[in-house]
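Novice: Here is how the chains run, residue by residue.
2 protein chains.
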Amino acid sequence: MSQPQFTRVALIGIGLIGSSLAHVMRARRLAGEIVVSTRSEHTLARAQELGLGDRYHLDAAEAVTGADLVILCVPVGASEQVAKWIAPALAPGAIVTDVGSTKGSVVAQMAPHLPDGVHFIPGHPIAGTEESGPDAGFAELFEDRWCILTPVPDTDAEALARLTAFWEACGSTVETMDPDHHDLVLAIVSHLPHIIAYNIVGTADDLEAVTKSEVIKYSASGFRDFTRLAASDPTMWRDVCLHNKDAILEMLARFSEDLAALQRAIRWGDGEALFDLFTRTRGIRRSIVEAGQDTDAPDFGRHAARPSAGGGQTSD
Amino acid sequence: MSQPQFTRVALIGIGLIGSSLAHVMRARRLAGEIVVSTRSEHTLARAQELGLGDRYHLDAAEAVTGADLVILCVPVGASEQVAKWIAPALAPGAIVTDVGSTKGSVVAQMAPHLPDGVHFIPGHPIAGTEESGPDAGFAELFEDRWCILTPVPDTDAEALARLTAFWEACGSTVETMDPDHHDLVLAIVSHLPHIIAYNIVGTADDLEAVTKSEVIKYSASGFRDFTRLAASDPTMWRDVCLHNKDAILEMLARFSEDLAALQRAIRWGDGEALFDLFTRTRGIRRSIVEAGQDTDAPDFGRHAARPSAGGGQTSD
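For the protein sequence lines, the chains are R and H, in the order given. Going letter by letter, the first sequence gives residues 1 to 316 in our numbering. Going letter by letter, the second sequence gives residues 1 to 316 in our numbering.
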């Protein structure tokens, strides 16, 4: 496209998501000008070294001045503070969005502070890796991924269409959803898995009878699959836990209840109950692979050198 | 090597591990003759179609006749039955081993039935994928993986050396360990992760407020990492749960205790406790990658097309 979609895009926060947005906007000419802001001098200097933006500001209010798109890429717990900071400087007609993993809390934190005439459309690209910081970004992060927008009933249709087109230009498919439903869906598909992963890695770390070197040595037998999630950014995940509390506690309660039943089946030798559960769960894996949401290569393709492609899906 | 290590190797059971052993023995000429046995006519016919062995028997006793190496590749719960079946037919001086994921129970099931003059050395290759059945095997499965042998105090040194050399020829590094310690180590690095993965997939499957299609659609945000383990062979994992009960219940109790504490931190908004845990767990991931036990590619390398290799490990 010859004309950038937005004249000036301000990125508030320049971690994995912010820096990936900078890369993709540059690569696909989505912004006339990219303005980068973060409250850490060190991080801002690094962003500048990496050439992620056209201008750099420690002051978020300066950064958003004259921007027609403002994207908050900060831990969700910082949303209110940033909203208060930038509110007086926002241009009329600007679109303000975010990339946070919780949406109800972001709406509650930001909406009261944003001035009339600004289009606030919370968002959440379902994309990420276990890495963080401005060096972690890459232009393809959003390619073939979902991006959920959670407009409110009176959201301006044209603004929504522009933001949707922006995410599509980044490579994503956009869905819209109610903020509360988003928080419930993400609690089960993302928040609970991360919490469980952090927890099991912590449990293993605490053992006395099994050494840490044994855990590491034999981790390929299952444990290592959890460690990827448990290496995610601590600040981001602390904030997710604090800001999607109700949905997470609900999912944790269900998980623990189910685990107690499973534990009981193990204690009392109920092989049939175990077999039934272990069979049922295979179907979901198949559906995820069929939906193109994961690779069907065994072991996530870690064994790249597998010689024969034939028949690997057959089970006895 | 010009001379096969064993004259006749009998594989009892021909799933993922059995068929992978068949492939690697053939590829590296480790066996003069490969004899395949399974109690399922259908599976035996499939093994024959795939050309996995030189001879095929439904009768395990016939299969082990004259074999100098017998490898049980069956769910651990079938160990006693197979031991009773093959005991009268075993050749004096034969080495009998297995590949089961629990060791104390296998020793208890098999040792009483095996005749004097046979060398019983339980084993466990730490290798596998989420697939199962005779089609799932491949020669490289054991390459650069650990294989744990759990000899008893009076195990014949020469027999242990021969079995060690066999697994090394399959590509593995051999460690020896007490059976009970093996069961404790595997309970945390393998059994608990699988049980947790099965459980969370079951919990998600049961939700009413979030549809299954939503779970599948947004699974890349964490959930899908669990589904690989939860797609593992149900019979094998039922047997692991039933036959390593004590160690698994111990690990489950610790996990649940830790999860209750984490849940409490979420409920009461203890951000510091959350941040501390989420920071501590990053170290284990780093150690696993440094030990060569996992790929350091973000997202397990699912995004193969990542453009720049530089700086990806930096965190803010």
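Since the hints were made in silico from the structure, they are not lab data. Any given hint could be a false lead.
Which copy is meant is left open, because identical chains are indistinguishable; a pair holds if it fits in one copy or across any two.
Cut-off 27 Å, straight-line C-alpha distance, at most; resulting in silico cross-link-like pairs (DSSO-like, lysine-lysine) [what the hints assert, rightly or not]:
#1 Lys84 to Lys217
#2 Lys217 to Lys245
#3 Lys245 to Lys212
#4 Lys84 to Lys212
Novice: Would you mind marking each hint as holding or not holding in the structure?
Specialist: These are the hints, each one checked on the structure:
1. Lys84 to Lys217: Neither: 49 Å inside a copy, 35 Å across copies.
2. Lys217 to Lys245: Classified as between; 23 Å across copies, 35 Å inside a copy.
3. Lys245 to Lys212: Classified as between; 22 Å across copies, 32 Å inside a copy.
4. Lys84 to Lys212: Neither: 46 Å inside a chain and 38 Å across chains, both beyond 27 Å.
Violated hints for the displayed structure, listed by number in ascending order: 1 and 4.
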